[in-house]
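Colleague: Okay, here's what each chain looks like letter by letter:
There are 2 protein chains.
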Amino acid sequence: MATNITWHDGLTRQERSQARGQKGYTIWFTGLSASGKSTVATALEQHLLHLGLAAYRLDGDNVRFGLNKDLGFSEKDRNENIRRIAEVAKLFADSSTVAITSFISPYRADRQLARELHAQTTQAGNDALDFIEVYVDIPIEVAEQRDPKGLYKKARAGEIKEFTGISAPYEAPLEPEITIRTHQNTVEECVAQIVEYLQGKGLLPAAAQ
Amino acid sequence: MATNITWHDGLTRQERSQARGQKGYTIWFTGLSASGKSTVATALEQHLLHLGLAAYRLDGDNVRFGLNKDLGFSEKDRNENIRRIAEVAKLFADSSTVAITSFISPYRADRQLARELHAQTTQAGNDALDFIEVYVDIPIEVAEQRDPKGLYKKARAGEIKEFTGISAPYEAPLEPEITIRTHQNTVEECVAQIVEYLQGKGLLPAAAQ
Numbered sequence: 432m433a434t435n436i437t438w439h440d441g442l443t444r445q446e447r448s449q450a451r452g453q454k455g456y457t458i459w460f461t462g463l464s465a466s467g468k469s470t471v472a473t474a475l476e477q478h479l480l481h482l483g484l485a486a487y488r489l490d491g492d493n494v495r496f497g498l499n500k501d502l503g504f505s506e507k508d509r510n511e512n513i514r515r516i517a518e519v520a521k522l523f524a525d526s527s528t529v530a531i532t533s534f535i536s537p538y539r540a541d542r543q544l545a546r547e548l549h550a551q552t553t554q555a556g557n558d559a560l561d562f563i564e565v566y567v568d569i570p571i572e573v574a575e576q577r578d579p580k581g582l583y584k585k586a587r588a589g590e591i592k593e594f595t596g597i598s599a600p601y602e603a604p605l606e607p608e609i610t611i612r613t614h615q616n617t618v619e620e621c622v623a624q625i626v627e628y629l630q631g632k633g634l635l636p637a638a639a640q
Numbered sequence: 432m433a434t435n436i437t438w439h440d441g442l443t444r445q446e447r448s449q450a451r452g453q454k455g456y457t458i459w460f461t462g463l464s465a466s467g468k469s470t471v472a473t474a475l476e477q478h479l480l481h482l483g484l485a486a487y488r489l490d491g492d493n494v495r496f497g498l499n500k501d502l503g504f505s506e507k508d509r510n511e512n513i514r515r516i517a518e519v520a521k522l523f524a525d526s527s528t529v530a531i532t533s534f535i536s537p538y539r540a541d542r543q544l545a546r547e548l549h550a551q552t553t554q555a556g557n558d559a560l561d562f563i564e565v566y567v568d569i570p571i572e573v574a575e576q577r578d579p580k581g582l583y584k585k586a587r588a589g590e591i592k593e594f595t596g597i598s599a600p601y602e603a604p605l606e607p608e609i610t611i612r613t614h615q616n617t618v619e620e621c622v623a624q625i626v627e628y629l630q631g632k633g634l635l636p637a638a639a640q
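Top line first, the protein sequences correspond to chains P and B.
For the first sequence, the numbering used here begins at 432 and goes up steadily by one.
For the second sequence, the numbering used here begins at 432 and goes up steadily by one.
Keep in mind that the hints are not guaranteed to be accurate.
Just so you know, same-sequence chains aren't split out, so a pair can sit in one copy or run between any two.
As the list claims (entries may be wrong) - EDC-like, lysine to aspartate or glutamate: derived pairs with alpha carbons at most 20 Å apart:
no. : residue 1 : residue 2
1   : K507      : D578
2   : K500      : E511
3   : K580      : E620
4   : K500      : E547
The set of hints was computed from the structure by calculation and includes no laboratory data.
Generate coordinates for the entire structure from the input sequences, incorporating the hints supplied.
Modeller: This is how it looks when you write it as structure tokens:
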């Protein structure tokens with residue numbers, strides 16, 4: 432009869448990284464609708480998985496219809512949407528997974544909050560988590576020409592209110608870790624650019640390089 | 432100049448599992464305060480990590496002070512707390528990680544919702560995710576005797592309102608996948624019992640058995 436339980440403290444982030452053989456961190460894509468965020472993020476996720484790394488992409492499909500389905504599009508709800516995404520990305524990073532987020536996230540203050548959350552450590556012995564902002568920088572004219580979902584057209588017609596780049600601001604990052612341009616480079620080139628950055632920062636295990 | 436982007440659809444859950452070499456699912460602990468949930472959950476997480484699996488534990492420390500820090504203890508907020516935890520566990524399971532949750536989660540309806548969320552598949556080609564409820568079943572007298580944080584004492588003194596088992600109900604699972612008893616078995620025995628269940632269900636990769 433074991434009535435005296437040993438209260439385990441759990442693993443530190445470093446111990447988990449060691450057991451898993453990789454570090455967790457967050458790669459945060461930001462850019463206009465139709466800028467190519469999800470395309471590059473998806474290709475990057477697949478590339479990292481093929482290298483044998485744990486990676487997971489958070490996007491509108493798996494967040495808006497699940498965790499954040501109670502949120503609308505008011506300013507307060509948009510902020511809360513990004514806050515929760517940042518917290519969940521942080522949990523994935525803490526679990527030694529590469530979290531990849533793919534949301535317009537148009538406001539600097541929201542992205543700054545996401546960055547700061549990753550820098551905060553509540554558990555003793557944990558390092559801060561890396562936060563890599565990837566700015567998908569294309570002229571709005573190109574995004575509007577692509578318009579794969581017809582959203583820009585609807586925004587111009589006034590059928591969608593407060594559409595980023597048309598009737599609501601997009602605040603471009605001032606110091607993103609990486610800037611990619613999907614109108615000048617292929618998806619593969621954009622992925623290679625990000626992978627090169629990760630290698631330079633020691634964020635890919637030696638075996639995967 | 433690549434202006435025509437191929438729109439990747441992303442990996443299905445099965446493709447990700449294959450790339451990662453393991454299935455994701457959720458192990459949901461429920462039980463009274465001081466029943467031993469976190470102790471067994473932590474030991475299980477460590478065991479799975481040592482087997483080479485990706486596993487991650489969601490608990491009060493990494494959820495209440497982060498994602499759910501906007502929530503209080505009203506009935507509505509308690510429900511929302513469990514709903515978000517269930518959605519995040521589902522994301523981890525979807526990412527091919529073994530999600531382990533360690534919360535009192537006293538209400539059947541909340542746990543049933545968590546179970547149903549895992550059964551719902553929004554993306555075509557995805558199987559439902561396994562949801563394994565682990566009932567940590569101990570007499571309240573034993574929990575109250577342990578009382579490592581002095582919470583039962585405070586609840587008896589009326590200093591904590593609506594304390595599960597004292598002044599608020601605990602609705603025991605009717606058909607949990609696993610029942611463990613930390614007052615009769617060691618932590619190691621409880622972990623072995625869960626691992627045996629996972630093996631029987633084919634939820635551990637052959638290499639880890």
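Colleague: Hints first: check each against the structure and report whether it holds.
Modeller: Now the hints, each set against the structure:
1. For the homomeric pair K507 and D578, neither the shortest alpha-carbon distance inside one copy (27 Å) nor that between copies (40 Å) is at most 20 Å.
2. Both within a single protomer and between protomers do K500 and E511 lie at most 20 Å apart by alpha-carbon distance, with minima of 12 Å and 12 Å respectively.
3. In this assembly of identical chains, K580 and E620 lie within 20 Å of each other by CA distance neither inside one copy nor across copies; the values are 24 Å within and 55 Å between.
4. Proximity of K500 to E547 under the C-alpha cut-off of 20 Å is restricted to the inter-copy arrangement: shortest distance 16 Å between copies versus 25 Å within a copy.
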